[in-house]
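A.B. asks: Here is what each chain is made of, one letter per residue.
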Amino acid sequence: MAEPISRETHRAYERIHNEPQFAELKRIYRGFVLPMTVAFMVWYLLYVVASNWLPDFMNAQVFGNINVALLFGLLQFVTTFGIAYWYARYSASKMDPLADGLRDDFEREVGQ
Amino acid sequence: MSTQDVLLAASEESNQALTASLFALVVILTVGITFWASRNTKTAADYYAGGRSFSGVQNGFAIGGDYMSAASFLGISGAIALSGYDGFLYSIGFLVAWLVALLLIAELLRNSGRFTMADQLAYRMRQRPIRQAAAISTVVVSIFYLLAQMVGAGALVALLLGVDSQAAKNITIVSVGVLMIFYVVVGGMKGTTWVQIVKAVLLMFGTLLISVLVLAKFGFNLSDLLGTAADASGKGQAFLEPGLKYGATATSKIDFLSLGIALVLGTAGLPHILVRFYTVPTAKQARVSVLWAIGLIGTFYLMTLVLGFGAAALVTGDAKDQIAASGGNLASPLLAEAVGGGPGTLGGAILLALISAVAFATILAVVAGLTLTSASSVAHDLYANIWKKGTASEKDEVRTARIAAFVIGGAAIALAIPGQSLNVAFLVALAFAVAASANLPALLYNLFWKRFNTRGALWSIYGGLISAVGLVFFSPVVSGKVDPETGANLSLFPAGVDFSWFPLENPGIVSIPLGFFLGWLGTVTSSDKGSQERFAELEVRSLTGAGAEK
Numbered sequence: 001m002a003e004p005i006s007r008e009t010h011r012a013y014e015r016i017h018n019e020p021q022f023a024e025l026k027r028i029y030r031g032f033v034l035p036m037t038v039a040f041m042v043w044y045l046l047y048v049v050a051s052n053w054l055p056d057f058m059n060a061q062v063f064g065n066i067n068v069a070l071l072f073g074l075l076q077f078v079t080t081f082g083i084a085y086w087y088a089r090y091s092a093s094k095m096d097p098l099a100d101g102l103r104d105d106f107e108r109e110v111g112q
Numbered sequence: 001m002s003t004q005d006v007l008l009a010a011s012e013e014s015n016q017a018l019t020a021s022l023f024a025l026v027v028i029l030t031v032g033i034t035f036w037a038s039r040n041t042k043t044a045a046d047y048y049a050g051g052r053s054f055s056g057v058q059n060g061f062a063i064g065g066d067y068m069s070a071a072s073f074l075g076i077s078g079a080i081a082l083s084g085y086d087g088f089l090y091s092i093g094f095l096v097a098w099l100v101a102l103l104l105i106a107e108l109l110r111n112s113g114r115f116t117m118a119d120q121l122a123y124r125m126r127q128r129p130i131r132q133a134a135a136i137s138t139v140v141v142s143i144f145y146l147l148a149q150m151v152g153a154g155a156l157v158a159l160l161l162g163v164d165s166q167a168a169k170n171i172t173i174v175s176v177g178v179l180m181i182f183y184v185v186v187g188g189m190k191g192t193t194w195v196q197i198v199k200a201v202l203l204m205f206g207t208l209l210i211s212v213l214v215l216a217k218f219g220f221n222l223s224d225l226l227g228t229a230a231d232a233s234g235k236g237q238a239f240l241e242p243g244l245k246y247g248a249t250a251t252s253k254i255d256f257l258s259l260g261i262a263l264v265l266g267t268a269g270l271p272h273i274l275v276r277f278y279t280v281p282t283a284k285q286a287r288v289s290v291l292w293a294i295g296l297i298g299t300f301y302l303m304t305l306v307l308g309f310g311a312a313a314l315v316t317g318d319a320k321d322q323i324a325a326s327g328g329n330l331a332s333p334l335l336a337e338a339v340g341g342g343p344g345t346l347g348g349a350i351l352l353a354l355i356s357a358v359a360f361a362t363i364l365a366v367v368a369g370l371t372l373t374s375a376s377s378v379a380h381d382l383y384a385n386i387w388k389k390g391t392a393s394e395k396d397e398v399r400t401a402r403i404a405a406f407v408i409g410g411a412a413i414a415l416a417i418p419g420q421s422l423n424v425a426f427l428v429a430l431a432f433a434v435a436a437s438a439n440l441p442a443l444l445y446n447l448f449w450k451r452f453n454t455r456g457a458l459w460s461i462y463g464g465l466i467s468a469v470g471l472v473f474f475s476p477v478v479s480g481k482v483d484p485e486t487g488a489n490l491s492l493f494p495a496g497v498d499f500s501w502f503p504l505e506n507p508g509i510v511s512i513p514l515g516f517f518l519g520w521l522g523t524v525t526s527s528d529k530g531s532q533e534r535f536a537e538l539e540v541r542s543l544t545g546a547g548a549e550k
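In order, the protein sequence lines correspond to chains A and B. Mapped onto full-length UniProt numbering, the consecutive letters of the first sequence carry residue numbers 1 to 112. Mapped onto full-length UniProt numbering, the consecutive letters of the second sequence carry residue numbers 1 to 550.
Keep in mind the hints are simulated off the structure, nothing from the lab. Backbone N, C-alpha and C fix where the C-beta goes; we use that ideal spot for every residue, glycine too. Any given hint could turn out to be false.
If you want a taste of the chain B side facing chain A, the calculated C-beta under 10 Å gives, among others [claimed, not checked]: (1) ILE92; (2) ASP224; (3) GLN237; (4) ILE254; (5) GLY295; (6) ASN423; (7) PHE426; (8) THR486; (9) ALA488; (10) ARG541.
Construct the entire structure; sequences and hints are all you get.
C.D. replies: Next up, the structure:
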């Protein structure tokens, strides 16, 4: 058996699950993280594949001793920082107000 | 002996005394912190999760301290110093991996779990089999990782203190093990977290200092640094291009891809990282933790590039041979000596001692986190929930966790001493491969797939675990690898024994998809619908934090 919870808590979860705000929260969350995960994985794998199989492209020198491989690698840092920052902004403005409201309702309902 | 030799020997001795004093300082500082933190450890939530009282920023530093291991600090800079650009893949994979943790795992896990990885899965699965599987996987991943750090510690500390005998290495491993048991038994999660925070600050300060000194030598011109490194390496431009290490054959290229996949998917399945999300009060703070961790870890891995190429460019003479002999592990410490003024100078001695002490603190913080995570899973999942069926008192549970920390720490010492011939980078890569193959599929399916059930979870955990470890067992790492030029044996097993049939050293490219596939197959072949009823609850709880542990 899974972890037991009280009947009252169970009802509160069921009710929230049927709320339109919850459907909206889920849509907003998944709408961001799923495409973004696919995007950064493809971008990262592209880098690994290029390192392996595209030597002419990666070894091209851009300026001085800086080649495409180094810039591509550094760009992975830039995109990682960028996506993290974007998600922080997005979640704080779009997700948190909805989640906070639903949680407050829940806590009132089960008397926590 | 000439006067000069005597002088050199004397300065060598005083350098080692300096290094030893800084090591002692690290020990005194961390032991003091542990005692201080232990005063407020009373409940199970205190012991396992630091009372969930850490702020996001504190936890971000602790995550950095938990994650940036000696294998990263010494191993990556060493790999870059020896084989150039290819070492950079580790830095990138280890960082990008944090996006998986940020977007898909951290907040949801904080809201829906309690103390261990298994708590999250057990929420809607059959408790006993799932906790058993998750506990086994937790202990296996942590032991591989632990062995890597302890074997590395033995080799490193002995070298840095200039006592390169087998006995000295064994004493080092035992000392590191005893300290780690002490932190975990006495300090619990609070003590361990503070040790990790202190270590992260020391590590960031140390690497930043050396990086700035290296870049200053080249007038902050990265291109000059790279050019000098390429010339000094004797390999020219190829040193700055991908493929020097992994580009030799079609097989080694696929190995590189396999490693890249394991690195990026492993992080979010590492149990000692997952439990860190429980140490903050809310999911928002868990998010803040990961954002800080990404900032710290990203900055750190950018600096490994400077350290690695810096070591290739600036370390010369005997020290350069020493880097090669250590498999690259001494690149950062010897670079510190070089930028401080070189061997025999006061500046060189101080920086060498400083960076060595940072490496030592790094090892201690990581092994403590691993031991705590394993002990928590044994006590909370196996003892309290399976054996005692949830009837154990909190006091009883925490006492069991402390005993488990003793046993696991002792086992790690006992395994590390005969395991000193194991390759450190291989052990870390294996831990990541197991985490990505066994833990990540189960966690993601559980959070995102309604139909997922107990059989699917068990198949993906055991299937991923067995296939990752099994494929490595039948790989050239374990048997049948010889150096094509010298004919020397490069495998774990003695020369002449060859039962390898899996050509890759990194199993991820096979075992990770297999873990996901088995999770799906186990689920759809089972008629178990029980877990679907709880999915709505899990969704609400994980996304809103309603009813989350406080």
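A.B. asks: Now tell me if each hint is right for this structure.
C.D. replies: Hints, verified against the model:
no.	hint	result
1	ILE92	holds, 5 Å
2	ASP224	holds, 8 Å
3	GLN237	holds, 7 Å
4	ILE254	holds, 8 Å
5	GLY295	holds, 7 Å
6	ASN423	violated, 22 Å
7	PHE426	violated, 19 Å
8	THR486	violated, 27 Å
9	ALA488	violated, 27 Å
10	ARG541	holds, 7 Å
When held up to the earlier numbered hints, the structure conflicts with 6, 7, 8 and 9 and fits the remainder.
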